[in-house]
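All chains should be modelled from the sequences, with the hints used to inform the complete structure.
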Amino acid sequence: MACCLSEEAKEQKRINQEIERQLRRDKRDARRELKLLLLGTGESGKSTFIKQMRIIHGSGYSDEDKRGFIKLVYQNIFMAMQSMIRAMDLLKIQYADPTCEEKAELIRSVDFETVTTFESPYVEAIKELWADPGIQECYDRRREYQLTDSAKYYLMEIDRVAAPNYLPTEQDILRVRVPTTGIIEYPFDLEEIRFRMVDVGGQRSERRKWIHCFENVTSIIFLVALSEYDQILFESENENRMEESKALFKTIITYPWFQHSSVILFLNKKDLLEEKIMYSHLVDYFPEYDDKLSPKWDFSVTIRQLFFCRKARRVIYRIRPVLGTCFLFCQ
1 MACCLSEEAK EQKRINQEIE RQLRRDKRDA RRELKLLLLG TGESGKSTFI KQMRIIHGSG
61 YSDEDKRGFI KLVYQNIFMA MQSMIRAMDL LKIQYADPTC EEKAELIRSV DFETVTTFES
121 PYVEAIKELW ADPGIQECYD RRREYQLTDS AKYYLMEIDR VAAPNYLPTE QDILRVRVPT
181 TGIIEYPFDL EEIRFRMVDV GGQRSERRKW IHCFENVTSI IFLVALSEYD QILFESENEN
241 RMEESKALFK TIITYPWFQH SSVILFLNKK DLLEEKIMYS HLVDYFPEYD DKLSPKWDFS
301 VTIRQLFFCR KARRVIYRIR PVLGTCFLFC Q
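For the sequence shown, position 120 (counting from the first letter as 1) is numbered 120 according to the UniProt record's numbering, and the numbering increases by one without interruption.
Hint data in this document are derived by calculation from the structure and do not stem from the laboratory. Remember, it's a predicted structure, so these values are computed and weren't measured experimentally. The reader is advised that the hints may include incorrect statements.
In silico DSS-like cross-links for lysine-lysine, where the CA-CA straight-line distance does not exceed 25 Å [stated by the list, open to error]:
hint, residue 1, residue 2
1, Lys-270, Lys-246
2, Lys-250, Lys-270
3, Lys-71, Lys-246
4, Lys-13, Lys-66
5, Lys-71, Lys-35
6, Lys-92, Lys-35
Here are the in silico distance ranges between beta carbons for each label pair [unchecked claim]:
hint, residue 1, residue 2, range
7, Ile-193, Ile-15, 25 to 33 Å
8, Ile-193, Ser-120, 45 to 53 Å
9, Phe-112, Ile-15, 22 to 30 Å
10, Pro-256, Thr-116, 40 to 48 Å
11, Glu-191, Glu-215, 54 to 62 Å
12, Asn-238, Glu-275, 21 to 29 Å
13, Ile-193, Arg-108, 45 to 53 Å
14, Phe-214, Asn-16, 16 to 24 Å
15, Ile-183, Pro-287, 33 to 41 Å
16, Ser-59, Met-156, 24 to 32 Å
17, Gln-136, Arg-160, 39 to 47 Å
Glycine included, C-beta positions come from ideal geometry on N, C-alpha and C.
Here is the structure:
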């Protein structure tokens, strides 16, 4: 009997030791793994950020991967042109060439979500519509309706995209707009550390899913599209996109789940801002700023004022511009 107990005790001890070893391994691995949660409103650039990380720090996109984006590029072109055609009616803009009315009806008749090819007569119709001064005026007034940031890029590249042997470039892939639904996770390794970057949909209807990602977050990367200061929400035509970002950011940093997580405010689409600020004045939408602001204003001052009130509990401790963006870290 004593011998039996001894064998059972040895087996239990072995099991306990194995459990402890596994716990130590898990703890060590956890220290090597960082969970980065990407948050922000719709079209702030979260999915594009993930793609950039994949290109820079991951395996990039093989030719097979790129072929998977072909129909998405086509769909983005149809979606952009249909948005402008609808806006022509909304803004009461006339086509300079009367024959464009027929071409507009042709493009309007297509369900862009089912597009898989890009052929005649649609290619010619879209090219002629894009060349029409009426559509160009409509494009210039794009802040008054919903139009993807990549519209001009694709329409200027339409001959290349319409070629029979077309294969999307990395730039084409970065600019593809596909609204994120659900939760997408992308892991990558950098200097022996595993990063798990979690992307969630930014539209209001998707935000109820965010809570499922809130556990064990090392850092939050909150993305803001700087170019959206004069644009309205997709979900509500009476609300400003930048105001929505401000309100959402201030809510996020007060959540108890994130009190021990660092926060990175990622100021995105600075290139679009610099283009837009020349004709669309920030002061018209945020009167607290002086009308003399230029693309070279001091970001540190502006963003402190815009996103952080004096009573905010978190403190900014580093600001660093990076390429067409700016990082603003807070603790």
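Hint by hint, here is what the structure shows:
no. : hint                          : in the structure
1   : Lys-270 / Lys-246             : holds (17 Å)
2   : Lys-250 / Lys-270             : holds (21 Å)
3   : Lys-71 / Lys-246              : violated (35 Å)
4   : Lys-13 / Lys-66               : violated (54 Å)
5   : Lys-71 / Lys-35               : violated (32 Å)
6   : Lys-92 / Lys-35               : violated (49 Å)
7   : Ile-193 / Ile-15: 25 to 33 Å  : holds (32 Å)
8   : Ile-193 / Ser-120: 45 to 53 Å : holds (51 Å)
9   : Phe-112 / Ile-15: 22 to 30 Å  : violated (59 Å)
10  : Pro-256 / Thr-116: 40 to 48 Å : holds (47 Å)
11  : Glu-191 / Glu-215: 54 to 62 Å : violated (25 Å)
12  : Asn-238 / Glu-275: 21 to 29 Å : holds (26 Å)
13  : Ile-193 / Arg-108: 45 to 53 Å : holds (50 Å)
14  : Phe-214 / Asn-16: 16 to 24 Å  : violated (33 Å)
15  : Ile-183 / Pro-287: 33 to 41 Å : holds (38 Å)
16  : Ser-59 / Met-156: 24 to 32 Å  : holds (29 Å)
17  : Gln-136 / Arg-160: 39 to 47 Å : violated (20 Å)
The structure is inconsistent with the numbered hints 3, 4, 5, 6, 9, 11, 14 and 17, although it conforms to all the rest.
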